[in-house]
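Peer 1: Construct the entire structure; sequences and hints are all you get.
Final position of the sequence shown in our numbering is 368; the numbers increase by one with none missing.
Hints listed in this document are in silico derivations from the structure and should not be mistaken for laboratory results. Watch out, some of these pointers could steer you wrong.
As a list, the in silico EDC-like pairs of lysine to aspartate or glutamate whose alpha-carbon atoms are at most 16 Å apart [unchecked claim]:
#1 Lys200 to Glu67
#2 Lys145 to Glu82
#3 Lys105 to Glu235
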Amino acid sequence: MIENVVRNYIQYPIALTTETTYLDWQTPFPTVAFCFTVTSPIKKLFKGNPGLFTNYPDSKSLRESSEHLLSLYQTMRIPCEEFLAECTWNNVKFDCCTEFKELRKTGVGYCIAMNTFHSKLGVHFFVNRTVKYGDLVVDILMSEKMKKQIYSGFTVHLLNNLKLPMLNNVDKADIPIKSGKTTRVEFTMRDTFNEDGVKKIAIEHRGCRFPEETRTNNLFNVYSSDSCYLEEIIERMIKLCGCVNFYYFVPRGARACNGTEMLCIIENEMNIDLQSLKNEGCLPDCEGTSLVVNHLEPSEYDSPSRMYGRLHFTLLSHPTMRYRRYVVNDLLDVIVSVGSALGLFMGASILSIFEIPYWLFVRRDPIT
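Peer 2: Encoded structure:
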């Protein structure tokens, strides 16, 4: 009995369930990210996005230095003011460029995002019982430059607040944008709530990490399964090729690859981009919101000009269910269970030795 109690405490300390007391919840609105993935100068040297490991470089790119490749990456940095025209949260306007901040390079391209744990602003757009709606409207200025960029490489992402635009989801971002039209993106979400005692359980026993529980020598300020996977990929690139793909964050002490070394990255694709790396070295997130997204086709809307394209992200209904992670076996339960077992069996084994013979042979009351 004691062995089973200790084993359950070590191996199964927490459990996950659902609850529906939704009136008291505060659920974070998802992250919205815009990414410029490829520009014309980069397309001349690579057959698509260089961060995806499968796009072999053109023969011309083999002569390029790492400094020139990094300068090509800078051509994707379009200032926020040049393509984000107006933003509205639940019918209240706000400054787009105050909320949308640049993300650290993730292999997708130049990305800006709002309401994410991976920016300095953090998450401060929530849905609760006092916030009746979950509507975010973003108007994008469709200039000639922006139209060319959209056709060459521009993706829109609606993500969990801990996730990042990465190589495994860049191709799934198929939210269309058209001049003078609105693209309505409907979604539902379920949050994960952790009780206070969960943090007291050792990381290896609970099987997940909180955002502040970063790994040793971490490259990102916040832990998530995505940031951990990126760290694994970057470490593998340095180990196998001695440099980092210029579409990825280059840590201190490392350097970006030149054109010839990019071939090494691509040739070692199977050893760098391994899902097993994430499964073995990266634990899931203890927190986070699961999303179910429905992309609708663009529809006409009243616009002052055909120079704008509108994205309307709307929550279909307030969350009525969430996941709750709680402690099943804590240290106090172990002490009580072990103490009870010891008390029962120590009492049974010692006292019974004297009492059973006493009642059977010494004190035998006559039968009346």
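Peer 1: Confirm or reject each hint.
Peer 2: A quick look at each hint next to the structure:
{"no.": "1", "hint": "Lys200 to Glu67", "result": "violated, 47 Å"}
{"no.": "2", "hint": "Lys145 to Glu82", "result": "holds, 9 Å"}
{"no.": "3", "hint": "Lys105 to Glu235", "result": "holds, 15 Å"}
Going through the hint list in order, the structure does not satisfy hint 1, though it satisfies all others.
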